[in-house]
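Which chain is which? The protein sequence lines are A and B, in order.
Residue numbering for the first sequence follows numbering that gives the first Met the number 0, starting at 0 and increasing by one per position.
Residue numbering for the second sequence follows numbering that gives the first Met the number 0, starting at 0 and increasing by one per position.
Since the hints were made in silico from the structure, they are not lab data.
Among the hints, erroneous ones may be present.
Note: identical chains are not told apart, hence a pair may lie in one copy or across any two.
Said to hold, decoys possible - List of simulated lysine to any residue pairs, SDA-like, C-alpha gap at most 25 Å:
no.	residue 1	residue 2
1	K291	N210
2	K146	A219
3	K271	L248
4	K291	D224
5	K147	Q174
6	K147	Y217
7	K272	A92
8	K291	R223
9	K291	R165
10	K147	D224
11	K117	S166
12	K147	R227
There are 2 protein chains.
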Amino acid sequence: MSDFPEFGKVVIFGVGLIGGSFALGLKAAGQVGEVVGFGRGLASLTHALELGIIDRVGFNTGQEVASADLILIATPVGQMPEVMARIAPYIGAQTVVTDGGSTKAGVAAAARAHFGEKLGQFVPAHPIAGAENSGAAAARADLYLNKKVVLTPLPENSVLNVARVRSAWEWCGAQTHELAPAEHDRVFAAVSHLPHLLSFALVHDIAVRDNSGLFFSYAASGFRDFTRIAASHPEMWRDVCLANRVALLEELDRYRAQLDELRDALHRGDGKKLEETFDVARAARRAWADNKL
Amino acid sequence: MSDFPEFGKVVIFGVGLIGGSFALGLKAAGQVGEVVGFGRGLASLTHALELGIIDRVGFNTGQEVASADLILIATPVGQMPEVMARIAPYIGAQTVVTDGGSTKAGVAAAARAHFGEKLGQFVPAHPIAGAENSGAAAARADLYLNKKVVLTPLPENSVLNVARVRSAWEWCGAQTHELAPAEHDRVFAAVSHLPHLLSFALVHDIAVRDNSGLFFSYAASGFRDFTRIAASHPEMWRDVCLANRVALLEELDRYRAQLDELRDALHRGDGKKLEETFDVARAARRAWADNKL
Numbered sequence: 000m001s002d003f004p005e006f007g008k009v010v011i012f013g014v015g016l017i018g019g020s021f022a023l024g025l026k027a028a029g030q031v032g033e034v035v036g037f038g039r040g041l042a043s044l045t046h047a048l049e050l051g052i053i054d055r056v057g058f059n060t061g062q063e064v065a066s067a068d069l070i071l072i073a074t075p076v077g078q079m080p081e082v083m084a085r086i087a088p089y090i091g092a093q094t095v096v097t098d099g100g101s102t103k104a105g106v107a108a109a110a111r112a113h114f115g116e117k118l119g120q121f122v123p124a125h126p127i128a129g130a131e132n133s134g135a136a137a138a139r140a141d142l143y144l145n146k147k148v149v150l151t152p153l154p155e156n157s158v159l160n161v162a163r164v165r166s167a168w169e170w171c172g173a174q175t176h177e178l179a180p181a182e183h184d185r186v187f188a189a190v191s192h193l194p195h196l197l198s199f200a201l202v203h204d205i206a207v208r209d210n211s212g213l214f215f216s217y218a219a220s221g222f223r224d225f226t227r228i229a230a231s232h233p234e235m236w237r238d239v240c241l242a243n244r245v246a247l248l249e250e251l252d253r254y255r256a257q258l259d260e261l262r263d264a265l266h267r268g269d270g271k272k273l274e275e276t277f278d279v280a281r282a283a284r285r286a287w288a289d290n291k292l
Numbered sequence: 000m001s002d003f004p005e006f007g008k009v010v011i012f013g014v015g016l017i018g019g020s021f022a023l024g025l026k027a028a029g030q031v032g033e034v035v036g037f038g039r040g041l042a043s044l045t046h047a048l049e050l051g052i053i054d055r056v057g058f059n060t061g062q063e064v065a066s067a068d069l070i071l072i073a074t075p076v077g078q079m080p081e082v083m084a085r086i087a088p089y090i091g092a093q094t095v096v097t098d099g100g101s102t103k104a105g106v107a108a109a110a111r112a113h114f115g116e117k118l119g120q121f122v123p124a125h126p127i128a129g130a131e132n133s134g135a136a137a138a139r140a141d142l143y144l145n146k147k148v149v150l151t152p153l154p155e156n157s158v159l160n161v162a163r164v165r166s167a168w169e170w171c172g173a174q175t176h177e178l179a180p181a182e183h184d185r186v187f188a189a190v191s192h193l194p195h196l197l198s199f200a201l202v203h204d205i206a207v208r209d210n211s212g213l214f215f216s217y218a219a220s221g222f223r224d225f226t227r228i229a230a231s232h233p234e235m236w237r238d239v240c241l242a243n244r245v246a247l248l249e250e251l252d253r254y255r256a257q258l259d260e261l262r263d264a265l266h267r268g269d270g271k272k273l274e275e276t277f278d279v280a281r282a283a284r285r286a287w288a289d290n291k292l
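Model the full structure from these sequences, guided by the hints.
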């Protein structure tokens, strides 16, 4: 740990799980002088203050962001354009901005629309550290420890600005990676956004039945794991789905075509086709788990 | 624990996770004199013997089942009719038979076809204790501890025979419940079989891509939990799907209709519809988890 923190002043928009854990991570690393929080609700900001996540609640946006070393936009992605529009005129020449959104092409486009000449100061990021709990109370200094954070730098970013943003996430314990925004969105549509949609859909499908209690009473560990992500934040996931609509539609259609095939196999009693599909899936799932562990 | 075991001799067909854990559970409770195992492969039987799951490998089916107090058929459901046909002529007058299959209407129909006058001695059961690992090595004495076992008694079962089978599962630590076979299959198609199919389908869908490595490298905890059941036993799940084809097709079609609705909402950018769906799912998932814990 150096004697002086790398970031004197950090401003966070949206002090929930993602923003709060970022603040706590930088604090734990001794790499931040002061954290100022902005948010939609005074109650959650007060809570973040009580938990020591932020040092002050921000009121004057222009003044706070002008003197910030680092800004994190950690709102649901649907609100990011508005935050960008609010801060763009005021951010200082030395300020770098990053975000914690789960989709990146839309965020990059919004940044392009709002930051103008300061676009080079915004380095988009996606921390892969979901949790079904949200809000400041769920924030933890070690949320990002050994987790991946995908940076999707823009052509306008200087090497220095990318390095500063990378450094911030790495002080939180993360392993940083880089993808192009569109590539990022295709990958996460498949491995994250689609599974969330499918899990929400399954629980909804059961919940709306008259006799849902009978069904839920026999749901066991397979159901529990499959549906853990269906307890995720509805507004956040609405925004993710909308922000990544094109890639998600493509993945969803691909998946529906696969379900149609399995439906046909099941209908005609084609056990061979079913077993082959399950076999490929099991081998891939096991190889994935072995690599991860 | 009583001085004498409730079941002097137990014969198990299929000494894997389900059959092996049943044997170990009864042994741990001191409620079995001797366990004899039958199976397709000598290697797995030898393994079960070495692990103390069974006391002997059975060779003469007729002789072994004639003197059995309790028989468990714990093969994949696709092989149960064959086992039933093999044992039906020989089971003793005091023998009760149960099974560990995940579907029940087909098993009940097979029993009706094969057990003839002895049908009343067969009490179908479904232990709700899945695990993605299979085989004798995965068997544990406490697999059924505090887990549900659903009995689906047949009209021909005597109260005494149901009680004896219930007792065996309860000695393994299970909580027993009763459903009609068809009702059982409808419930489990929705809360277990469909999620397995969906999870297998997602992993397969990614695994068959040329660049699957890129996708898997960014898969995180949401993917991990959603796909845990895609590491399940392909042959077992093929059999479950086929055995519960009618109810599973019904659930799958219902689910596909729901996906179509979400697809339309996503396509037209209907955030309200998406959020409402996610919201209902989250509330139901949380209520379910609160009830379970």
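**Report entry** Violations among the numbered hints, reported as their numbers in ascending order
**Finding:** The structure conflicts with hint 7 only, although it agrees with all the remaining ones.
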